[in-house]
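Place chain R on chain H using the hints.
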Amino acid sequence: MDLNYTPEDIAFRKQVRTWLEQNLPKQEIRTLEDRRAWHRKLYDAGYLGMGWPKEYGGGGARPMQQAIVADEMAQANAPAPTNSLGLGIVGPTIVVHGTDAQKRRYLKKILSAEELWCQLYSEPNAGSDLAALRTSAVDQGDHFLVNGQKIWTSGGSIADWGLLLARTDPKVSKHKGITCFLMNMRQPGVDVRPLKQITGSSEFSEVFMTNARVEKGDQIGKLGEGWGIAQTTLGYERGGRALARVTTYSSQFHRLTEAAKRLRRHGKPLFEDPVVRQKLGRIWSEVEVERYQALRTLTLLERGEHPGAGGSLTKLSYSEFEKRFMELALEILGPYGQLTEGAPEDFKLQIDTAVGDHGSWAYAYLWSRAGTIYAGSSEIQKNVIGERILGLPKETRADRVGGKA
Amino acid sequence: MNFSFSDDQILLKNSVRAALDEQCKPAHVRSMSEDPIGYSDQLWGEMAKLGWLGLPFPEEQGGAGLGLVELALVIEEMGRAAYPGPFFATVVLGGLGLMLGGSAAQKDKWLSAIAAGKARATAALLEEHLDWDPAATAATAAKSGAGWTLSGLKRFVPWAHAADVVLVPARSPEGLSLFLVDPKSAGVTLKPMIGIDLANRWSEMRLDKVAVGAEAILGRPGTAGPLLDSLLRRAAVMSSAEMLGAARRCLDMSVEYVKVRDQFGQPIGSFQAIRHRCAEMLLEAENAHAAVYYASWALTAGAEDAAVASSICKAYVSDAARKVCGDAIQVHGGIGFTWEYDLHLYMKRAKGLEPLYGDTEYHRELIVRHVAAAK
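Top to bottom, those sequences are chains H and R. Take the first sequence: its letters are residues 13 to 417, numbered as in my numbering. Take the second sequence: its letters are residues 60 to 434, numbered as in my numbering.
Simulated from the structure, these hints should not be mistaken for lab results. Any given hint could turn out to be false.
As the list claims (entries may be wrong) - The calculated lysine to aspartate or glutamate pairs, modelled on EDC-like cross-linking and capped at a C-alpha distance of 20 Å, are:
| # | chain 1 | residue 1 | chain 2 | residue 2 |
| --- | --- | --- | --- | --- |
| 1 | H | Lys335 | R | Asp378 |
| 2 | H | Lys66 | H | Glu314 |
| 3 | R | Lys382 | H | Glu391 |
| 4 | H | Lys406 | R | Asp192 |
| 5 | H | Lys228 | H | Asp154 |
Here chain H stands alone, though its shape is the one from the complex (with noise of 0.2 Å):
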């Protein structure tokens, strides 16, 4: 055990501070042409998509690398690339199960932004039930006909292209009828409307289906394997970006120590008052706790094990910590925590939001009710915790019983 970075690891982070100072953005980032731009510039400088293979596009590098380079840009609290879903989770599933001539096709230009993704998974009626999907893609001889409605699409408004999981067998257990396509989201049939979360703004929207056409060749894997290429998928969705995301707690928690010095309640400041002493230590170890358990993260990566099951264990354990913290925060702030706008100059009530933007307490708060639903629910991780890492016995399931749907 040596929780000591290399030489090597800490050149790397110098590296990529001095380039980061250098090339942040000076003004805001406001169109989606900045943030396009601004994406491209990570591009070139070879700090997206480094874990993907060179001859895609990729740079080749280690975890830690990428870990260094996510969490340097917390640390700057740079503006997010573009194409997340893109990177994150598309690019990842056609490296891994696409044909050579889908990564030819998709995968430099996920990386240089020019087509951006979003992921067409969750239904009205299956959200954590994911396999409980009813859009289905009938075969046509050369291509597929698409028809169903997708909901809680990330970036569904700015989309290109989608990952699709659609029902292409009816008549076997529901599990084993789902495949997964390639879908191009500018054709007539797809019909995206904005969703207005309650955080009033709107990165989700509903996908409409009619009569939209999926090419053959843009099917991933083989027909009806699309739920366990769903599975790495979601894998995907949880390793990642761990040590980034501490460091972005980590920065929002210093801004809250500020704010406990600054307000005062009976004629002494916040911060010296035992409650909320014992509330921001609590704070504070569940962050560190969450930067240890990063650390054990990466260095799996590092050996080029993949967490597995134990990804459910990071998901369960940062999305419940956070919506904790937004919720101590906001007790400890009082009717400040609430404000949206309107927050008295001298006192800045700014943080640095998981999305890499700047926010409100409250907004903030507000989001992180979204972290233990989507991705798979706190519930849903709980049972993938039971079953595979535990080994409990599973459930008796009607949608296991037999072979129909």
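Then chain R, alone, in the frame of chain H:
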């Protein structure tokens, strides 16, 4: 960067577990709970032979020269077995205290004897109050000829009745100092303090004008503060390792139990209410593991954040172990509440250690002081 155990460390852990599985079964824990002394000399001799008693000491003193990660691995296994005996008191409180502040002569005398299984030690870190801060020490040391006369009241002194030497903090005219006291000296009275964990013993230790020689002081008079801080940090992390072991045992017993216990025609582990609780128990145990081994490494390596990491460790693991052990009783139902079933042996070990060497609130306060100082 590597947050995993080496092959040697895994070998050590496995060998400790195998030895304790063999020699520290629940029946042994129960019989020692009723024994007036409370531990087995034979197992003590075995531990000396296996090299556990000298594990962190320098090789010149018969030790293995290993670090706190290895010591935590051993102590975690002892928590898992609810080991009854003065290992923690001797190796952590006495041994590490001597290692941190002892003279060459003191180390030669005591560390060699401890490593060889010939001497047992402990430290008297708490008095009447609940404050673990060494600065709160009220016991006094008055100059008397070449030596000192110690007076005061110490409480919760682990295994003092079995010890050959006790590290006693006391306030001399120069300030906080640390002395080596033979608990059989004239003027020392020991009174047993019995907690819920019958396999772990404490004493109240009254010192009434106890005379010690000039050689009994550790370091220079008035300089014991930093040493005691370091010792307390080590005790906090090592006791966290012991709580972690106890919690892991509770979790393992629970998982085995819910796989076979049938209710409503199915094993209860198939019910989400039970499965989700077990998943939360595992999450807490894994987070506690990260906290224990991070802090053990940081203290050994002298990392910048070693002090705050030790407080984070004790605060986090105390809460986590309480939850895991408590949930274990819940998922076991009535059987978990019976004296004959072994679960409570481990639950009580964790609960007994929770308020020692600084409880959650104490350490959270230290964490916030650190955060305030860092920013």
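Exercise for the section: Please name the hints from earlier in the document that this structure breaks, with their numbers sorted from lowest to highest. Expected result: 4
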